[in-house]
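Peer 1: Work out the full structure: start from the sequences and follow the hints.
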Amino acid sequence: MKKDVSLFIPCTVDLFLPHIGEATVSLLRRGGVNPVYHQEQTCCGQPAINAGYQKEARQAAKHFIEVFGKDEMVVSPSGSCVCMVKYHYPELLADEPEWRRRAEDLAPRVYELSQYLVDVLKVEDLGASFAGKVAYHESCHILRGLGVSEQPKKLIQAVKGTQWIPLNAADSCCGFGGEFANHYPDISEAMVKDKVDNYLASGADLLLLCEPGCLLNIGGYFSRNHPGKKVMHLANFLAGNGRGE
Amino acid sequence: MEQSARDEILRKLKAAPKKGIRSRPVLPPLRELSQTKEELIEKFTKNLVEETGVVLRVPDNQAALDKLTEIIQAEGLKKVMVSTDDVVASLDLPAWGKRNNVQVMTPKDFPDRNSFRDAVFNEAEAGITGADFAVAESGTLALIHNKDQARLVSLAPILHMAIVPLERMVPVYERVTEKVFAKKDQLPSQFIFITGPSMTGDIQGALFKGMHGPRRLIVILVG
Amino acid sequence: MEIKTEQFTEAVKRELQNARSRAFLKLMPPVLHMKRDISLATFPDIPAAQAYGAAIREEAMERLPELLEEFEKNALANGAKVFWARDAGEANAYITNLAKERGVKYVTKGKSMVTEETGLNEVLSKNGVEAWETDLGEFIAQQLHRPPFHIVGPAINVPVEEVCDLFMKKANMKEPTLDPVKLGYAARLFLRDKFHHVQMGITGINMAVAETGTIINVENEGNIRFTKASPPTQVSVMSLEKVVPTMYDALHLIRLLCRNCTGQKLSAYVSMDSRPKKKDEMDGPEELFIVIVDNGRTKIYQDLKARDVLRCIRCAACLNICPVYRQIGGYAYGWVYSGPMGQVLNPVLLGLDRTQDLYRASTLCGSCKSVCPVGIDHPSLFLYYRAKDVLGDPYFKGKKRPWTEERIFKGWSWAVNRSWRWNLGIRMVRPYINKKATGGVIRKLTRSFDGWFRSRDLPPLAEKTFHERWNEINKGKRANG
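Chains as they are written, first to last, in this note's numbering: chain A, 1 to 245; chain B, 1001 to 1223; chain C, 2001 to 2481.
Simulated from the structure, these hints should not be mistaken for lab results.
Even for Gly, the Cβ is constructed at its ideal location relative to N, Cα and C.
Hints are all accurate, no fakes.
To give an idea of the chain A side of the interface with chain C (calculated C-beta under 8 Å), a few residues: (1) Thr-42; (2) Asn-50; (3) Arg-144; (4) Cys-173; (5) Gly-177.
What follows is a set of in silico ranges between Cβ atoms, one per label pair, in the way DEER data are often shown: (6) A:Trp-164 / C:Pro-2176: 50 to 60 Å; (7) B:Arg-1011 / C:Ala-2093: 15 to 25 Å; (8) B:Asn-1114 / C:Glu-2175: 23 to 33 Å; (9) A:Gln-39 / C:Val-2031: 48 to 58 Å; (10) C:Asp-2353 / B:Arg-1011: 19 to 29 Å; (11) C:Glu-2463 / A:Gln-39: 10 to 20 Å; (12) C:Lys-2100 / B:Asp-1185: 30 to 40 Å; (13) C:Glu-2463 / A:Pro-227: 21 to 31 Å; (14) A:Glu-104 / C:Arg-2418: 24 to 34 Å.
Peer 2: Okay, structure coming up:
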């Protein structure tokens, strides 16, 4: 009997990038577990917490805990959403001891995808191949929030045919920050431009990352300014079987 | 009015909620604490040289005086200000100055602080002091300022030379402060750590020495 | 200092155009950060060293009133005088009176950010006492009437041409030069004259050691040493959070400060004053005045979370690594403190209402928190301030948000509670949004999203969201066994 793993699909993926979710499902199956999707899930609440709307965010948090509370393992293709659940929910619910206890209880069972594949399933080679040079952007919440850095690199380097290209300032923020990108466009653009300039200078064929928000930011900037340049979520890279989709 | 501001500030601070103090985490000891004397001298030298300090090693006081003579002649110095601390006193620099045609001034030669100040600012081409300790971890000299160690001697002239007996070398700052601050009623008015010459990078990040204090520091280690 | 925190957006636009600033910002902060990393390696265990620094400052804040009393008791026993100032007015008046009583015509100043908060120099000047900043960067910034660009290098972005012009006009420089070393030498000569004849010196305080009643200054140039050695009167000013429990604690923090700040093991001069000079000493102050300034900190202290802000030791490691600071430089923050530490401190000193942009202009990337030697969690504090502002919490002057924004989040919170609402909401807006797509991407929406769409596209909302696709995806699995 294959173990069930509960899918936590971020709103960005649900609304704009569902193919990341599909790839996640495919990878988990390849890894030997059974992905389960609770249709009742909606959003982890990050937009509200970041904007200071804690009351509203609490509603999202409680709904999340109700939906996922009984799952043995919850996996998401987004580091920032996982950080939200693991580290912000307990503080957000500090004044309601029973909810807080449930949040603290759930936190250790929530994983980012690359973390789950490498650390829990102990899988690095998922059978993918790609003939080309790849660079990897280390998203802020994944790297500094979760301490996840080696896992995506191992997964990438296990893909047959890939040539790893170091990316200058790989751990520098790309300038997304959710509402920040829209409210502080001058700064955000300067930041994403630097990220993109570093990528273009690297000579890689493909930019990889593990964060849907960064993908929308860098991808959106590519689309407008460097059409033809590619950025892809690690899940799609690993699931794509060399098609680089 | 001072009294009530003090009371008000303290009252407000004391009325604030408390979080409780957690015990300190473990702090592994610094590597210098387990190094030999020779290693410490080497480390001191390397650190100070990195800051453009010049470090010379001589076996005894006579050799130190010879070194000073060399330097004076090479630099063409005519007037220096020296401390009257125990290290410098043991060298009898006024006598040495007479032998070498160098005017050796000490702060005690002056009737008041203003005339001393004028001399150390305008006339002294170098300041010569001892040091109370040398700290290997950063190539640092430690000076206790008192009646025999005026502050301006190691600060105002463009060249500072310090004579340091090697038995005063220690690995880390704590060895110094444990002694200097041991007795609460006997604290020095000022105590100072000197690590290299004066420095700045405030103009376009361009680093250079000799901003306000000495541009050069020469340390003569004796022993 | 004049408060310009409400001009953040304009200032940012200006600074992003400033080629000189950007050239500096591309080079210096990364170099300083790299030097920091190299110098921290002298600790056998770097995270332990930083954690210990955090523990010292956490304890210092928890024990703040008792430590301040201990410090005062020891300083007074040593012969120093201690004055407590509730606010800028009291601090400025006291120090100005000291100068006037002694017939002082000018003072030399060592860098003191709290006196920039209080605007001391202007008050002295109005009272006929000229205040000369003597730290080279502060001197340049003062003469150019500019705020600090970086809390450690206040004028480090000013090009040599401007410094040359300035020194020709105001620092008696005889020959023009663009060589920083020669410019520095001109400043040395000019300010040396001030040090030579000064009667009263004013410094800041990096750390005040409670155990011994000692004040500590950390510097590279020697201007603070001069300010403490040359005149018969010394005034040293501290904001009240600068106290630390013991000399051992101070030494550990100084190690962290120097490494995190400039990558040095120790700055060129660390001077520790415990008392006025003894009778037979030839230099140093006859009178030592220590001024402890509140200026809004007892208020911050009441809030257990905001209190952590007071741990800061002004090392600027957070500035050097912040991706936002590295784009915009120090001016845009609009007050004494810039970078992430300014973004957590200015709002609780000035009010959340006046500093709306400071705690919002962050992607929460966490770099600041990751380098802070005293464990301040800047991103968490930004979220805290944002929440206080949304609530209109009066304590720190939260303003509440525009009604349109509140309505959006009310709607959002309705939708997140039930997936049928979520899915319904998407089905309703999708046709309108996707109608705007051209060439497979959305290039523009309503005006409130112009910030994004200025330079970025967005994919259209998925024809079928993951919710809507799940059944298909799941069937796919069953089909393949």
